[in-house]
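2 protein chains.
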Amino acid sequence: MRRKDDPSDLIARVRRGEHAAAARALTLVVDEDPAADELSREFFKSAGAAQKIGVCGPPGAGKSTLTGRLIGLYRKRGLKVGILAVDPSSPITGGAFLGDRLRVMEHATDPGVFIRSLASRGMVGGLTHTIFGAIHVLEALGCGKIIVETVGTGQDEVDIASVADTVVYVTTPAMGDEIQAMKAGAMEVGDVFVVNKADLAGRDKAVADLRSALGLGRASAAPAGHHGSQARLTAASVEPRESSWEPPVCATAAISGEGIEELGKILDAHLERLSSTGEGRERLKRQHSAELRFWIERRVVQRALDRVTEKSLEDLLAHKTDPATLGREIFRS
Amino acid sequence: MRRKDDPSDLIARVRRGEHAAAARALTLVVDEDPAADELSREFFKSAGAAQKIGVCGPPGAGKSTLTGRLIGLYRKRGLKVGILAVDPSSPITGGAFLGDRLRVMEHATDPGVFIRSLASRGMVGGLTHTIFGAIHVLEALGCGKIIVETVGTGQDEVDIASVADTVVYVTTPAMGDEIQAMKAGAMEVGDVFVVNKADLAGRDKAVADLRSALGLGRASAAPAGHHGSQARLTAASVEPRESSWEPPVCATAAISGEGIEELGKILDAHLERLSSTGEGRERLKRQHSAELRFWIERRVVQRALDRVTEKSLEDLLAHKTDPATLGREIFRS
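Protein chains in written order, with the numbering used here: chain A, 1 to 333; chain B, 1 to 333.
Treat the hints with caution; some may be incorrect.
Any copy, or any two copies together, can satisfy a pair, since identical chains are not distinguished.
Below are the BS3-like pairs computed for lysine-lysine, each with C-alpha atoms no more than 25 Å apart in a straight line [to be verified]: (1) Lys-285 - Lys-205; (2) Lys-265 - Lys-205; (3) Lys-311 - Lys-265; (4) Lys-45 - Lys-285; (5) Lys-311 - Lys-205; (6) Lys-265 - Lys-320; (7) Lys-80 - Lys-45; (8) Lys-320 - Lys-205.
These are computed hints drawn from the structure, not numbers from a lab.
Working from the sequences, and respecting the hints, build out all of it.
Have a look at this one:
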């Protein structure tokens, strides 16, 4: 920690909304700087302040362009928006095409938008435990919406579902085969499904295929034009049931902005539902539980492993001890 | 633990080579029966006794048929062979075709062969930490060779490379595209590569493609006929260098048995090399280190998480505490 990183000063500056302070705090937290403990404890006091929206799906689905559109939507409402991108193919992290990058980065100079790529800091595509601390920094900064963009390969240390309040799974009509082959787990994780890059030709089939793959009944598909002009690309709508949320399948063309207003309404409806049913509180509890679990795994296990000496490994090789006995000794000391 | 499972009796019976006792001990160890601790400690004394051969690769590559052939090869030498199958598509675990299953299971009544499917015991395709304990049971039983058959998807909790002394990666000529798309990690893990189901038509190209994908020079390819008739299907041979092992690429037709003798020689050469260079000792140390790590993660973290009360989660929600503070408190108590 640099001399200028006085913790209480940094915390105060983040709470005042200073982006430079948030950027520095994020670096300390994500790098697991030993001195970041005090910061993490303080920032945790803001935990739960934002709606955390996970945007996941295969590379090339247009997650970043969609994220850019959602930023625009929330900025129009005057909300401060935070983006954490852990997708190495994301334009935010330097991947993808220059055009995409420009479309997202146009928000980078907006003082109401805080964008941070985490892909180069130990999160190569997948989520790791430091995502929790990063989120709390942005919550302390005053972000009402935090978008976590990730590939979500199922190989992540941390599951997006244990991080986000609302998980948006993004795919495209061209990815039909991929959807069929998709693991059940990936499908179960989504609260909202988006068929992006949906043009008139492929849209209905793509939405129907995805609904079918999700095992959703067709009965709940909204009638054409039900939601007015914004619903033109939307085949299914939000129809929360008494006891369960049937994931809406929403068609968008993020590049032109079509379907984004509708997606925004769906995300609002999901937040409302999280709040009214108590499910939001349960999810927050699960998130805290996961954060605690990773804290324990990381810190305690690491400290234990630091005590594994070359001699103790030699003792194992010589069968003078065994893993269980050695493990217990390490923890007693 | 049942009444009849007196630990010292069970241990003695396993050491005498009783399969029924080994089967019972394996169940206790893999189920992590609390009373299995004593067994694990005892069986660890046999750690390192066997050459552990990992057979991995995509489903349909013929891993089980190849495993069956290796069993036959080692049985001819009079060695006791243990097989741990964690591949749900393996005929051993009930998947694949009846013909394949019969080919492997023909060894099941051989008192010199111990076969155990672990796929239904918490290892659904991937390796988990209990594999270490299972291996030590088979080592105590007197197995000189232990074959661990796994899909090796890269999503496993435990990497085959931290379990096996020698990793055999199996593929087929038809899986060319798959090889191209294969992750570098999967390629790096193999000590020996097998192009199985190699017939005259596709064999040379398949071996060349694989060598190319592996970044291996063509200079070391053995001249045709160099190894006599068994080498007919073998394009490359074992050529250990002074300081590094260039993974041999071996062509086999496991269903007819062609190339198996050659593969056996390659596996012997790798074992010899592990021994002569000290690399075997280093690998064993890494295996023990991984086993210790998983013991610590599993037992200690689990015990810590057992102490996480509903009240402590409520305290997190109310920001009365934070994960780091709570984590420390749990460990102090």
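Verification of the hints:
1. Within a single copy, Lys-285 and Lys-205 get their C-alpha atoms no closer than 38 Å, and across copies no closer than 55 Å, so neither meets the 25 Å cut-off.
2. Proximity of Lys-265 and Lys-205 under a CA criterion of 25 Å is satisfied intra-copy only: 23 Å inside one chain copy versus 55 Å between copies.
3. For the homomeric pair Lys-311 and Lys-265, neither the shortest alpha-carbon distance inside one copy (61 Å) nor that between copies (35 Å) is at most 25 Å.
4. For a Cα distance limit of 25 Å, the shortest separation of Lys-45 from Lys-285 inside one copy, 14 Å, qualifies, whereas the shortest one across copies, 44 Å, does not.
5. Neither within a single protomer nor between protomers do Lys-311 and Lys-205 lie at most 25 Å apart by alpha-carbon distance, with minima of 64 Å and 49 Å respectively.
6. Proximity of Lys-265 and Lys-320 under a CA criterion of 25 Å is satisfied in neither setting, with 64 Å inside one chain copy and 34 Å between copies.
7. In the homo-oligomer, the alpha carbons of Lys-80 and Lys-45 lie at most 25 Å apart inside one protomer (18 Å), although the nearest pairing across protomers, at 60 Å, exceeds that limit.
8. For the homomeric pair Lys-320 and Lys-205, neither the shortest alpha-carbon distance inside one copy (65 Å) nor that between copies (50 Å) is at most 25 Å.
Going down the numbered hints, you'll see the structure goes against 1, 3, 5, 6, 8, while the others check out.
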